[in-house]
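Colleague: Residue strings, one per chain:
There are 4 protein chains.
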Amino acid sequence: MFVFRLPGFRQLLLRCNVVTQFLHHQYYKGMKLNPSRAGVWLIGAYGDIATTLITGKIAIQEGLASSAGLATEMSPMNLLNICALDELIIGGHDIFSSTVKEQAEAVCDRSRTFSYPLLKQIEQQLEKIGQDIEVLPELNWEFTQPGEYLPSLVELCNKFRHLLKVFASKHNLDHIVVVNIASAETFIPLTAAHENIDEFVKLIDRDRKDQVSPSMLYAYAAFMENYSYLNFTPNVGASIGALQVLAVENGVPFYGNDGKTGETLVKTALAPMFAARHLKVMSWEGTNLLGNGDGKTLSEPENCKNKIQNKAAALPQILGYPVHAGVDINYVPSLGDWKTAWDLIHFKGFLDVPMTMQFTWQGCDSILAAPLVLDMVRLMEFAHRQGEHGPMHHLACFFKNPIGVGEHNFHKQYEMLIDYAAKHLTQSQ
Amino acid sequence: MFVFRLPGFRQLLLRCNVVTQFLHHQYYKGMKLNPSRAGVWLIGAYGDIATTLITGKIAIQEGLASSAGLATEMSPMNLLNICALDELIIGGHDIFSSTVKEQAEAVCDRSRTFSYPLLKQIEQQLEKIGQDIEVLPELNWEFTQPGEYLPSLVELCNKFRHLLKVFASKHNLDHIVVVNIASAETFIPLTAAHENIDEFVKLIDRDRKDQVSPSMLYAYAAFMENYSYLNFTPNVGASIGALQVLAVENGVPFYGNDGKTGETLVKTALAPMFAARHLKVMSWEGTNLLGNGDGKTLSEPENCKNKIQNKAAALPQILGYPVHAGVDINYVPSLGDWKTAWDLIHFKGFLDVPMTMQFTWQGCDSILAAPLVLDMVRLMEFAHRQGEHGPMHHLACFFKNPIGVGEHNFHKQYEMLIDYAAKHLTQSQ
Amino acid sequence: MFVFRLPGFRQLLLRCNVVTQFLHHQYYKGMKLNPSRAGVWLIGAYGDIATTLITGKIAIQEGLASSAGLATEMSPMNLLNICALDELIIGGHDIFSSTVKEQAEAVCDRSRTFSYPLLKQIEQQLEKIGQDIEVLPELNWEFTQPGEYLPSLVELCNKFRHLLKVFASKHNLDHIVVVNIASAETFIPLTAAHENIDEFVKLIDRDRKDQVSPSMLYAYAAFMENYSYLNFTPNVGASIGALQVLAVENGVPFYGNDGKTGETLVKTALAPMFAARHLKVMSWEGTNLLGNGDGKTLSEPENCKNKIQNKAAALPQILGYPVHAGVDINYVPSLGDWKTAWDLIHFKGFLDVPMTMQFTWQGCDSILAAPLVLDMVRLMEFAHRQGEHGPMHHLACFFKNPIGVGEHNFHKQYEMLIDYAAKHLTQSQ
Amino acid sequence: MFVFRLPGFRQLLLRCNVVTQFLHHQYYKGMKLNPSRAGVWLIGAYGDIATTLITGKIAIQEGLASSAGLATEMSPMNLLNICALDELIIGGHDIFSSTVKEQAEAVCDRSRTFSYPLLKQIEQQLEKIGQDIEVLPELNWEFTQPGEYLPSLVELCNKFRHLLKVFASKHNLDHIVVVNIASAETFIPLTAAHENIDEFVKLIDRDRKDQVSPSMLYAYAAFMENYSYLNFTPNVGASIGALQVLAVENGVPFYGNDGKTGETLVKTALAPMFAARHLKVMSWEGTNLLGNGDGKTLSEPENCKNKIQNKAAALPQILGYPVHAGVDINYVPSLGDWKTAWDLIHFKGFLDVPMTMQFTWQGCDSILAAPLVLDMVRLMEFAHRQGEHGPMHHLACFFKNPIGVGEHNFHKQYEMLIDYAAKHLTQSQ
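Protein chains in written order, with our numbering: chain L, 1 to 429; chain Z, 1 to 429; chain B, 1 to 429; chain X, 1 to 429.
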């Protein structure tokens, strides 16, 4: 008289034992006669997230770290015919000059996340990846000085497309996932021109840098090359109608915006509990302290707008009513990449009695973000191979503001991912 | 291009507007030609949970408090043909002499949960309910002094059954839900005799008070009268095989054990987030401070065994691996009914980097527990009218140790309840 | 071989047993042949602090509450010849019309701090005090509507002085302590005129409401009547040079500003520990959530300036170096008078290893503030009887921004109070 | 009209500017014609505290780390004629075989407190210190297996004294401070024999290992060699009357017990605030989670007795009344040396309103402990040169259970240290 509630094939898969997993895996490996060689192009390749992603990917490949943090290493996602980590070829660009090793050592010193002995062991691989990282300060034109020469949007776009072409050809890549993990951009008010691809192209042609942000240009370039675009930042990216249409037309997947790594993750995992118990949330106040480059950028109100907006949407949707929900983002340099968030939840229960819950989240931003990027790169590359295109709604659980998905309840979002995997596993039988 | 993931009738119902809800409700009300009169028998009727339940039920009926805390007042549960609050007739017994008003004022003073002006307004209703509360010290034989005369189990059982008969006949009740909200009992090791109804009856006949606990006797008596039994305590109650069989044979619903109101609620709502992100929980340490009678009883290791055991099961099931998870329960008299729990979650992310989350939960135990009892009474009475019997698995989300359900993920448990409601709503169309 | 470090008479007093205390007390009582009748004039008499002060004072007098929260009820302060609580006569004014009872019930409902049965028992005393509370909306001219008739500063000052005269004469008072517990005022930039009493009087004569704030006018009026002035608010009050000189000339005590009740209290009690251990504080970030009228006023940046400034001064003084110390004040209506502060302290220890401490303070603002006002009223009235005047530096421990005292270490400030009491006790022998 | 409260020479010194400090320092350096060469003998020399102490001492000497954490590097302590860090010669023993470098790398990996590049830079110094660390498993006889050969107490004592002699002679040392930083011992009930030096010597002669613990034997040996003894552990050490007398007779300083590094430090810094405000503490509940060897030992109730006792004494002394104060110590392996403590303080204010404060302390045990040991070694060596002997009461602020000092208020304890320094500075002029 013991009940498990999820019947059918999906449930079976979820519960299948190690042997079955192994067999499945072998089966898929067998299928992949000519293993796809997939590229990952990191925009912001010398940032903390990129550096952590590169270090972690190699460490896991080499058996120097566990697969913790990677959702694609768990059942049922690991049963899909996704790329192995060593099948992903990494390249990218950033706006300043450095080396991967230098950046890795800097992260080491600042964040105490990985150790020097580890870096020593993977020194050669780090150096090799470094050969595919370009320095392109002009591509982040927001930071150029007044008076400085700046190529036109058309020139910049062509430059970026050229880079992708060279990268693909050098490594003989079947596909590239372009990943935006750059800094927060200045807020640009959206107009009708952003909803129409022809109008949008005109903005580029007319070099309207006040209406086209780098994140949009990257997406445009990627789609024109028939590559996938993943936007992990709060920047607008491919979320405007014009670019969504282009992606569908060119048959490529895309998704974003704003990776859900810390406070919002916890918020969207906890709020459903209050909803399910009919505990009326009166106030949900959040304080975010962070000291990395991201924090510095976000401490300027203009750059923070997209972010705060992304964080605000979740609660009313999950709870079903408007909530007094303050979100403070404060720059605290000493914390570095270790984001500390404190939330106070003031809620009413039976007989309208007020009660409180509070939580503190102390996580390292890039350690939390990097594996999500890897997970999504794998899943987008897989989707592309399956002929899927447009917004990848099943990746909603990875984002604060998932494009085209109104559901913010983390657990329901995660079910969407599980359902996606289960559907593909059923089909492949 | 906006997606909601739950398709079909159930989804429609969840989103139906107020007008539709009203029509549904009227429709069902119309169906209920002879509205069922349902009784609720509270074991521990002078305890804080019972007192809060009684006060809250009346306050909501009278429009003096919102319906916060009651899950059955939310869609889709409120679309079922469940009893209105004023259709529930309350009675019960306790082991000491008092009045409902006295107890309500004591809760007022100790816990500052409801106000004297409120009590003033519902004075008469409190008094009326008091007429159905009996004093039966002998029914909690654990607390009797050595040498004191104690009736046999058979006599006690008959006494209790007689009480239920009188209550039913006085109020012309169609059904009674017997609710156990008494104190924690001493741990009794279970034997084969507890799994066989004939053997179990023999234990009663032989007056084996060392093997039959009050919570078992209550369940037995309830089932023999064809009444439902709801066990909100960590006590064994109806969870032994013998009693489960009896319930099924006599066609009555039952469920338990150990209401999920605080720390475990949060734990089972949060742990799935760590699982879904492949964040490896290394330690999950919980400290529970409480100062009510329950806390005093639990501070004695023997009484605490059931509870700690109930709390420990959830994490390994949700996470899929064993976790270092300490649970301390400390008696802190000054806190009264305001339970304060602090949990530290120490987990590993990408590159095996250790990170931490901590939360503090400050809730009033009886304010959290009372509405769950009301919710379940309504749903069990409804189930009984539908001819359902045996363990009510769809109530799993209300319990730390849901009988016969291995799933501890709160969100999946809650889906079971939603599915149950949706199924009944579809059928009734 | 057991050492106590404080030698001499003071130490003896601190350790003297109950018998000695009793004898001392009797001795002083005997001295006070004609017990002084002292008045307390509350500016903001219908606010939460005033209401709590009045309720608490009566409750303690009547033996309905303990003396918790009152520092003057502890040794050695209680050995001084200070007024008994029932020797303090309370009056005051506010800008809106109400009754003490109404306000007390409102506090009851909002803050659940005291109970209706208590209010019932002291109903008559509340009513009696109400007879000495006036409604004077014009005295808070910041809140008057444009176009509305507004008396000149001279008229307002005379009006207020008249009120004090009437109060003194009605109750045959020897002295009055005027207490400012009104709302935060708009920030007024200080000029040379504020440092010179003659220039300041000219500002009043010229009706310069842009340069004279209500808190200054109250202080001016009090001093002109030879009464003490206690400023519990962050408002400027008597801290300008002009008024300090006037107080000294007229021989009256005064003190302020900004009562130290919550986060800053904890901060100035904890920071010395970090200093003493040479633990280098890198960041001390504070978040204050509050929902009372004070919180609403402070949520407007202009009104918040004095407050934030008062909070910022303490850390660099105690630690000896500048610290990254953010202070957020957020208005969270649901919290009412229950202020919740969360502080994160990020500090470096040996080998420059970063570590963290965090604390959450959940206190009721008026419950924390009211007894401090009573303590200081008693001590200022005592000082006045001793012929002391000017700034009462020994009260520094009660303020965020103690006038003329650079020391912010709470423990050293408290020693100043103990030393003051000890000195008076030694002299009186 | 600005007041600082501490008058006289001491105040001047505290405020003296950098120039003055420099001159003083030079003056004292000049005095020290023949700089004393002082030894430090670490019992538990391969433990985390010792390893951290050695690493930090060298790092600071070499300018590779700041002096954070060292109280003796702050005014006025740094104005005393104490040893420079490089004048302290380190030796010691442990019960297992290892090297300093191995231990340092292990701490690196486990606790992420210092970095490999740092270790690389000081490799040679670490190796050199290693030459003075002996392996002596027999000296911690509690951990020997039954049946194993074990020397008598007299033999062990002689062995240890011999080690000290060799160390002194090898390095030409004027004095040695013997430091106990070994693990917690089993609790030994004290008897009259522990209070009398002759009786105590008989216990040694009779090889009564059930009545003489290692920590006592170390103290005895040190005193017999006329060396100082510093007991940082909760073990009994020199606190028994017999050994105190011996120290005085032989003219050597000693002190202990149980370093105050974390939760108790915060407790004794915060409790005075509650006392000074007459906020009545109803409950002060503390939970300590730790995962180092110390934590494992303390998780066994017998070893924990000394510790819990040391932690319990402080509150009633500071507050002046008994308090419900639970202290849990839980072993959580994943935390390693990072101790996490959570305290809930439930207190009553004005009108007996209950309020709460809670804090979380996340500190690395050895990082907090190591500098205190260095501070005290310097101060004890200084005291010895001044001809001082017996219990060093001015070091009370460093201990949970300061021998012979009843004062637990951290701030008053710290004043004792400041007063001591000020007294010596005044005398030296």
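Treat the hints with care, since some could be wrong.
Identical copies look the same in the list; a pair holds intra-copy or inter-copy alike.
To be verified - As a list, the in silico EDC-like pairs of lysine to aspartate or glutamate whose alpha-carbon atoms are at most 16 Å apart:
(1) Lys120 x Glu225
(2) Lys202 x Glu155
(3) Lys423 x Asp174
(4) Lys120 x Glu102
(5) Lys280 x Glu388
(6) Lys120 x Glu195
(7) Lys120 x Asp109
(8) Lys296 x Asp352
(9) Lys159 x Glu87
Calculated directly from the structure, the hints in this document are not laboratory data.
Colleague: Each hint needs a verdict: does it hold in this structure or not?
Modeller: Evaluation of the provided hints:
1. Lys120 x Glu225: neither (37 Å within a copy, 49 Å between copies)
2. Lys202 x Glu155: within (14 Å within a copy, 69 Å between copies)
3. Lys423 x Asp174: Answer is neither: 25 Å inside a copy and 48 Å across each miss the 16 Å cutoff.
4. Lys120 x Glu102: within (12 Å within a copy, 18 Å between copies)
5. Lys280 x Glu388: neither (41 Å within a copy, 32 Å between copies)
6. Lys120 x Glu195: neither (49 Å within a copy, 58 Å between copies)
7. Lys120 x Asp109: both (14 Å within a copy, 15 Å between copies)
8. Lys296 x Asp352: Cα proximity of Lys296 and Asp352: none, with 41 Å in one copy and 23 Å across.
9. Lys159 x Glu87: Neither way: Lys159 and Glu87 sit 26 Å apart in one copy and 63 Å across, limit 16 Å.
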